[in-house]
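S.K.: This is what each chain is made of:
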Amino acid sequence: MSSLLSAPSALREDALRRLKREMWARAVKLGLRSWVGWRRGFTSKADPQRSGRVTAEVIEHLERLALVDFGSLEAVARLEKAIAFADRLRAVDTDGVEPMESVLEDRCLYLRSDNVVEGNCAEELLQNAHRVVEEYFVAPPGVND
Amino acid sequence: MAALMLRWSCLGKRWVLACIDGGSRHGRGAAIGLTSRRKRGQSSVAQQPLIAVQKSRKGEHEWAAVVGLEIHAQISSNSKLFSGSQVHFAAPPNSLVSFFDASLPGTLPVLNRRCVEAAVMTGLALNCRINKKSLFDRKHYFYADLPAGYQITQQRLPIAVNGSLAYSVSVGKKPSQVSTRTVRIKQIQLEQDSGKSLHDEPRSQTLIDLNRAGVGLLEVVLEPDMSCGEEAASAVRELQLILQALGTSQANMAEGQLRVDANISVHHPGEPLGVRTEVKNLNSARFLAKAIDFEIKRQIHELENGRKILNETRSFDDKLGCTMPMRDKEGKQDYRFMPEPNLPPLLLYDTASLPPGADPQQVINIDWIRERLPELPGKTREKLIQQYGMLPEHSFTLLNEVGLLEFFQNVIKETRAEPKKVTSWVLNIFLGFLKQQNLAVNESPVTPSALAELLNLLDRKAISSSAARQVMDMKRGNPRAINKLIGLVRKATLSRADPTVIKEILERKLSS
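Protein chains in written order, with the working numbering: chain A, 1 to 145; chain B, 1 to 512.
What the hints contain is simulated information worked out from the structure, not anything from laboratory work.
The beta carbon of each residue, even a glycine, is placed where N, CA and C say it ideally should be.
Treat the hints with care, as some may be off.
Said to hold, decoys possible - Short derived list, chain A residues pointing at chain B, Cβ under 10 Å:
| no. | residue |
| --- | --- |
| 1 | I83 |
| 2 | A86 |
| 3 | S102 |
| 4 | D106 |
| 5 | A139 |
What the hints assert, rightly or not - With a cut-off of at most 25 Å between alpha-carbon atoms, the simulated SDA-like pairs for lysine to any residue come out as follows:
| no. | chain 1 | residue 1 | chain 2 | residue 2 |
| --- | --- | --- | --- | --- |
| 6 | B | K139 | A | E123 |
| 7 | B | K133 | A | K81 |
| 8 | A | K81 | B | M338 |
| 9 | B | K133 | A | P99 |
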């Protein structure tokens, strides 16, 4: 079981220090947030990446990569709003702050011993399959993209 | 006037279109061998008289090929990298699959300690720097044998980086002319294997077996320091021997435990590197060199004819002996790498940094592993040379042939004959015999004890060397040789022995 308590104390302190720094930076910027947002409105139009428009090319690319369906203009508009929302992260000044790896980065990675404890449940697994041939899952041909 | 042949030859790091005089007394030229132009290597230009041809157009005809390799080795472990299902080669389809391997919702990866140790051992054996902190990422792509839609790998920060692998290549026609080369190791990372797809063309479907899905892989990335198929094949062979000596992978290419992808490009020396192609699924030692050399020649040919090289993925068709484009080209794959959110960073320790009172099962000490590394092939060869006074190239042959070293050592144990004699017999006569009969060492009808006995007789001068060779002949099933040997035994026993009895005894001994 992973637990923060068993993580090396040096790492724990590091993470806390970083967290404090980030919160302080954020608090300072709070006052400037509205001003920054106003400024962004101007600069983003000059920058095509931040123009707020997602091109048809990008939509096609995303649909192929992630197998999602941006079927309507409404869906694309929602995507653009989501990107704009995430863009507000840039408002935080992170100069000199080391990025976190993940929110779990201070936890211990549990190491399992090399024993066979699972498997032998082909029947159960195959129940989920739409089509089965002799204990194999069946997929359409040339399934690669 | 002898016929002139135009052939591409690998000359050190250069590929040269050479005009080889087919009837010259110097032989067939250097299409096979390499000359080393390095400061350390021998200058064997004298053995390979190539007359460089001036091309009519462009004038510049020297090409340099650049070959990099990505090698995937299946980790030898009981269970998979992130789940507790078994790792085994042949088993009923989908019987070695856990819920996590099938990517059922609600399952999480749990790292296998043995796989981490295997990665550290391999990194240390290849002179890498072991990263005390390494990270896991997701590499996304869709394929039926990848149920999760992503592979867990280590793209940002792998477990080991910046190592080196030394291998040897022949630089002349004589077996003694070998030169040592080094290839840099960019990184070693832990990643999951995918399942297997069996394409059923007639019924227009693909059958998926997930037994292999989730098995731990070591990806070893070799920098593009190699320049032809032979160098690549030697490097791969040496890596195979190292992995087998460590026990981290059985590295058997036939069983898919070692897979190689090659990145190949050509350019004029002094100019920037050319566009590279990737040749995937080189799964046989035999075709590895062939495929790479073909691709180099193909690229040179395309460029010489004014065409461009596409940055594409190709596969090698061993029946046709050529590479073919693999995937439909629609731009580079975007794998959308992201940190694996379910796995914290992997932390490794050494004796100095080991946290006091830590659970030994939960920490890995790099120093502890380093102290217990098995003997590597390079060291084994060194010992053979010192202990038995054999030549370096002999030590290479002994290690390169599967099971031959063990055979040799067993013969040495049981025989009184001189080690040099044993070496000569094992490498020349015994190995030659196996090759002729197309047998592996473990299929040999001649046991180490039998050969030891034969050599003892030879040593005692009880039989002559030609008689001993005839015994080997008999193993080939040569009836005349049997009769000859009967004759010799009769002579040795001063005609006192009964020929039928001799025959019986011999046949019994030979069939054992």
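S.K.: Within 25 Å, alpha carbon to alpha carbon, are A/K81 and B/M338?
M.R.: holds (22 Å)
S.K.: Tell me if the interface restraint on A/S102 is satisfied: Cβ within less than 10 Å of some Cβ in chain B.
M.R.: holds (5 Å)
S.K.: Would you check the hint for B/K133 and A/K81, treating anything up to 25 Å between C-alpha atoms as holding?
M.R.: Violated - the C-alpha atoms of A/K81 and B/K133 are around 37 Å apart, more than 25 Å.
S.K.: Holds or violated: the hint that A/D106 contacts chain B, with Cβ atoms closer than 10 Å.
M.R.: holds (7 Å)
S.K.: Hinted pair, alpha-carbon criterion (25 Å max): B/K139, A/E123. Please report holds or violated.
M.R.: Distance of about 29 Å is beyond 25 Å: violated.
S.K.: At a threshold of 10 Å, is the proposed contact between A/A139 and chain B supported by beta-carbon distances?
M.R.: Because about 4 Å separates A/A139 from the closest Cβ in chain B, which is inside the 10 Å limit, the hint holds.
S.K.: Hold the hint about A/A86 up to the distance rule: shortest CB distance to chain B must be less than 10 Å.
M.R.: violated (14 Å)
S.K.: For the pair supplied as a hint, B/K133 and A/P99, confirm whether the alpha-carbon distance does not exceed 25 Å.
M.R.: Holds, at roughly 15 Å.
S.K.: With a cut-off of 10 Å, does the beta carbon of A/I83 approach a beta carbon of chain B closely enough for the hint to hold?
M.R.: violated (15 Å)
The earlier numbered hints that this structure contradicts are 1, 2, 6, 7.
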